[in-house]
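Trainee: Start from chain A and add chains B, C, D and E according to the hints.
Here is how the chains run, residue by residue.
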Amino acid sequence: MFLGKVLGSVWATHKESGMENLKLMIVQPMNFKGQAQGSTVIAADRIGAGIGENVIVSRGNPARMLFDNRSVPIDAIVVGIVDAYELSDEVVLCHESSGEGGEPNE
Amino acid sequence: MFLGKVLGSVWATHKESGMENLKLMIVQPMNFKGQAQGSTVIAADRIGAGIGENVIVSRGNPARMLFDNRSVPIDAIVVGIVDAYELSDEVVLCHESSGEGGEPNE
Amino acid sequence: MFLGKVLGSVWATHKESGMENLKLMIVQPMNFKGQAQGSTVIAADRIGAGIGENVIVSRGNPARMLFDNRSVPIDAIVVGIVDAYELSDEVVLCHESSGEGGEPNE
Amino acid sequence: MFLGKVLGSVWATHKESGMENLKLMIVQPMNFKGQAQGSTVIAADRIGAGIGENVIVSRGNPARMLFDNRSVPIDAIVVGIVDAYELSDEVVLCHESSGEGGEPNE
Amino acid sequence: MFLGKVLGSVWATHKESGMENLKLMIVQPMNFKGQAQGSTVIAADRIGAGIGENVIVSRGNPARMLFDNRSVPIDAIVVGIVDAYELSDEVVLCHESSGEGGEPNE
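Chains as they are written, first to last, in my numbering: chain A, 1 to 106; chain B, 1001 to 1106; chain C, 2001 to 2106; chain D, 3001 to 3106; chain E, 4001 to 4106.
Each hint can be trusted.
Derived DMTMM-like pairs: lysine to aspartate or glutamate, alpha-carbon spacing no greater than 20 Å straight-line:
#1 A/K33 - A/E86
#2 E/K4033 - E/D4083
#3 A/K15 - B/D1083
#4 B/K1015 - C/D2083
#5 C/K2023 - E/D4083
Simulated from the structure, these hints should not be mistaken for laboratory data.
Okay, chain A solo, but in the shape it has when bound:
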């Protein structure tokens, strides 16, 4: 999985079967110093991640296995909203009071 920051969302009315009613978020992979690393990813989200929140994203076949209908053709999904992380004996809290616009390491 990788750490990412939710930047926005994507709309598509013309879709493949299995993509109905899926919320699609734009996620920027981040390192644990609050810096962007690598290309943005479009990930499905079923747990209500908000813009600006730090999330854990899982990629590939495992993303698809959450659906009883295994034909959902997604390859990335938000699997957790990060509360905090510990790095080099320092604990970093991720939630801002508003849940929006928070920087990963503030």
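Mentor: Positioned in the frame of chain A, the structure of chains B, C, D and E alone reads:
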């Protein structure tokens, strides 16, 4: 999944089994600022994406699962045609009137 | 999938089970301007791709699914020999008369 | 698989189904000269890897298969804690007496 | 698959289930000119590849399928020891008399 722009299509008469009657599109991965990022991909398309349109592409095993015959050996498929996306509180519309030649962020 | 050019072949007599009687080709990923991009790949080939030909290569789990014996441990396979592609309203033919030594965009 | 060094851990209370009771570690991929290479990964850990330890991480679908409930949506897992490795006829021991803070090639 | 050169091996006594009795080799991906390309990989080996030998490595889910117990959480395996390869009408032999220390293109 990643955001991509359809650049063209590929023809192959000599193919592996399971590849019959599949439309294969050339897709350039894009960031959400309208810039190309990374290498072009050949993706199957069953939803009629046109040249110049912004699409969502899914990769790996999930692409294959859309087919009842699970032996279709594709590793990328267009899963949606992007209407619009919201990034940093700005909504970006993706469709041009013609559906061709539109830039991703105009 | 990606566009590639067949550069050669590989021989191995000491192999894992499931690799018997598989032709293994050296394939250089290409962009659609005839330039190499990224690292060479070793792909299985069952459709008779020749040296110098442009091919479509599929990677990962889907490659394996073509075999009734699902234990074939390959992660890349040639799924098509490219006849032509259309890019920016220009059609590019890929076959040379000899089928060998052709440049991708001639 | 790749060699990695455990840097810390991540907490998330709001998670996808299947992610309950999973310890999530921050792992930095390393080369065998003790240098970081590439982006940090979030990997599940069931074998008790400690901060500073060298571990082997497996990615993709295989990570998920360790769970009887195949719907666990993880794409990376710690599969071993490295005791030592041999490279160019030199044996490198990885454990420090404390198990924490050890450099990969000391 | 990719061409790699076996550089060494890794020992881990504390492992996930399914990793018992697996030989784990350090493999450096190579191009076909004898140069290293990209990061080292830890691959399982059941066919007895020796240090310095050129091997073919398969990654991802296919690696796992060789085991009757599908829960073996590996994502890379040596699937062949390279005898020779043909590139641009030149045949390159890979075995040295000793099987150790041979350069890929000698």
